[in-house]
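> First to last, the sequence lines map onto chains A and B.
Note that the first sequence covers residues 4 to 515 in this note's numbering.
Note that the second sequence covers residues 4 to 515 in this note's numbering.
Just so you know, the hints here were simulated from the structure itself, not pulled from any lab data.
Don't take each hint at face value.
Where chain B lies over chain A, by a calculated footprint (3+ residues, C-beta under 8 Å) [claimed, not checked]:
1. 119-126
2. 267-280
3. 425-436
4. 449-463
Here are some chain B residues pointing at chain A (derived, C-beta under 8 Å) [what the hints assert, rightly or not]:
5. 29
6. 111
7. 165
All C-beta atoms, glycine included, are put in the ideal place defined by N, C-alpha and C.
Protein chains: 2
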Amino acid sequence: MNGAESLLRTAAAAGIRVCFANPGTTELPLVAAFDAVSGIRPILCLFEGVCSGAADGYARMSGDPAMTLLHLGPGFANGIANFHNARRARSAIFNVIGDHASWHLASDPPLASDIESLARPVSGWLRSADPAGSLSRDAAEAIAAARSGVVATLIAPHDAQLVGDAVVASVSEAPPAPRASSAAIEESARLLTRAGKGALLLGGTGLSERGLRAAARVAAATGCTLWCDTFPARLERGGDLPPIQRVPYFPEAAIQAFSAMSAVVLAGTRAPVSFFGYPGISGRVIGERTQTAILVHPEEDITTALEELADAVGSAEPRGAPAVPSDRAQQPLGPLTPESVAAAVAGLQPEGAIVMDEGLTSARAYFSAAATAPRHSYLTLTGGAIGQGLPCATGAAIACPDRPVIALQADGSGMYTLQALWTQAREGLDVTTVILANRGYQILAIELARTGIAEPGPGCRSLTDFDPVPDWTQLARGFGVPAVRVEDAQALWRELERALAEPGPHLIEVPL
Amino acid sequence: MNGAESLLRTAAAAGIRVCFANPGTTELPLVAAFDAVSGIRPILCLFEGVCSGAADGYARMSGDPAMTLLHLGPGFANGIANFHNARRARSAIFNVIGDHASWHLASDPPLASDIESLARPVSGWLRSADPAGSLSRDAAEAIAAARSGVVATLIAPHDAQLVGDAVVASVSEAPPAPRASSAAIEESARLLTRAGKGALLLGGTGLSERGLRAAARVAAATGCTLWCDTFPARLERGGDLPPIQRVPYFPEAAIQAFSAMSAVVLAGTRAPVSFFGYPGISGRVIGERTQTAILVHPEEDITTALEELADAVGSAEPRGAPAVPSDRAQQPLGPLTPESVAAAVAGLQPEGAIVMDEGLTSARAYFSAAATAPRHSYLTLTGGAIGQGLPCATGAAIACPDRPVIALQADGSGMYTLQALWTQAREGLDVTTVILANRGYQILAIELARTGIAEPGPGCRSLTDFDPVPDWTQLARGFGVPAVRVEDAQALWRELERALAEPGPHLIEVPL
């Protein structure tokens, strides 16, 4: 058994089931090992940014670490944008990068580069393996680190993949997450009980069903409102789950929302920060007159802390009636607008759907429209590195083959990693992609207007408008995904119904 | 005038004419400045890897620095693979990355990352600008550095773009490249004159017309053969230019080629190194029994050194008849093969064409077929980071609007940066893309066979075969580029003739 095979056997024994891969010559022993080791399914992506985004989506939905196999520094670099998002989502990812044979590196071959410098900004764990050492032991450490919610990157020289390695190292069980301190629970309980207007801001597993139900008990007992990050990694929503508000994107609106609150308790997230810094506007959106307390940190046991908080404030039953069918979004009529698209998706999304929202400016109406939809998981762009939606939806569909996936995808950001559609076609994934085609970088036009440039000149316009207009139906068909374009809300409803009823991937282009 | 405008005015005054851009909110002052400053044309690319590859192609063909404008760490990261190729090509590139406002960074907003760590591996010059300093002076230093043949990266905080900066710094003239030492010229002359079988290995401007004509004089006087790197950044070829051989890709063939030589003189390149390291095969392909000398280093004045060497060995007229029309590749008939495709392209490419070859395994026959084609510039994948061809062809077409560009593009590598087709359509560029569609990562299958795996198992096959087969004609049309698929060599000839005769971009898919 060589190092490559022992690495894969170690990963398989640790419960890793898939590997999103775009390998090259320096990973060939690992490629060959997929035929020697059962239990890990290699999934080819035609661009590394698809691998990294799919790994993120898989990790968010499966709860298990996702694995990737990437080629040298430039191949890894192509995946960095979505690893950045995965890092912000605290997704568990185990990366293996094949490197040149160690004895060849001194010759500085054309593809050599400083892989560590490229990988460090996104990797919570990073190691260049000893060329004569045991990849199995390295992999075991990397996977254990990944399980703590980081991107763990192992650089595996070609000679380390080939060297004999009889070991299949066992991955140590993840230690239980640390508990929140009783002082933090008491302080949070005191703050929310006494606050005239209190807020509980949730992140991480605070947004799971268990976390939300505990949070609803806190809200029922204290009258506080429930909030989530602007861009949660995964939020359980709909059905009879308690309603939750989202921190607004622009700092002015977020500052206003928090200015009405006397106290904010943070549960598994940090105090919200403006996405960008605007001159004269604070980047920290909770003002100094609002008291804040940290109930539980992101790396701690969030759900238990919420349950202890609920007990501490008095175990009231949650308020608020569960959503009833009559509340559900009705079929929209007339022209395609962000509102009619939101109503169509929220009105049709099946029970148990996974909704990946990288709709950006065009999907702004969806979050409130979907509040009364059936139970679903809601995934967003955690790190702001656009091009995450199509890959993340792909990985989520691999993780949950029995659940329908809906990707709400802005056309500009979708363009960065459109190759994900091919992997959806190849794997026959049940992903319905709704392209929200406003044919430009609308967020830039909005930001220009915020700086007082309401009528941009030709230079600005050439950097925000798409002309010629890409035809997403042809692009999708080119990758093997059936696609249609719709021209009004009725057609969108009809095509969405059809796409959701048929297995396999579909794409609907929605001009806005 | 703010810092953004002073930066652009500085660049325009230094002769920068285009900026390949994919900006975001942190670059908005620079976006707005394009409407205040004339002389620099912003060219939108829908993915940053297109910006970086186009900048490389532009720099190779124009001789002037290319500029890019990219968004924060993840946006820059998407461009790294092609910056890696540009670094290996010694292309002059001036990158500007907008960063968060300095006062906002401490809050660690979602898009914050260690940009310097990401940029360092590809940047020969790197600076994070002082938020209160002068972007103009920083830009002047960066552009001066770029002119020496490096990727120069300036990280410009948002506040530095907004701060007043009345300066338009002038960029110092590039100092003349250092001359080769007379000792090096004498030693090289002695070696080639005495060698039974000598070789002159050329890189950089040694592959320009002036360099090649001087080298031909050396060959005529000494009997040495002329060689170029396996992957030259830019090689002038065809017409009456002297023939040149390319160092073989696989080390066994390269070692064999050099084993027959008693002496090798390096002119503007380094001793060739195997692309990958194979156990038991030397990575340095020139053996110890072959004497080597360095005539001139890549950063020195290569063409003058070659002319001085020609004078030193005795100024003979070059041998070898210029190519005559009857030598030109004839119209191929029958099935599509690497050979028939090579003959069609070499037989039809117009005088003055620019040929970007990222055909990899499928274009292996083109180099010899094109030896007798009319004068052309030949560009290749210098750093091995695939996904360079379509962007590089795009940038070359921007640099040379009066010359036809032909992109020989393997389908696997073309997939990484196919968004380049949109910029070709938008800018109406005269690029004819020939997709060599073998529908798989053929190089991996070859490398597997080299390791003894002639019949790969299902795991290996799933990582090398494309199924479903992408339809490049639909992908191209989706981006606004007319496209056809051909089924035999006659059809290829006909469609190639038509595409080359019509202005604007075209794509021909060639199934192999």
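> Does each hint fit the structure? Answer for all of them.
These are the hints, each one checked on the structure:
1. 119-126: Answer holds; 5 residues pass the 8 Å Cβ test.
2. 267-280: Contact hint for the region 267-280 of chain A vs chain B: holds, 5 residues under 8 Å.
3. 425-436: Per the Cβ count (3), the hint holds.
4. 449-463: holds (count 9)
5. 29: Holds: closest Cβ of chain A sits about 6 Å from residue 29 of chain B, inside 8 Å.
6. 111: Holds - the Cβ of residue 111 of chain B comes within 8 Å of chain A, reaching about 7 Å at its closest.
7. 165: This interface hint holds because 7 Å falls under the 8 Å limit.
Of the numbered hints given earlier, the model fails none.
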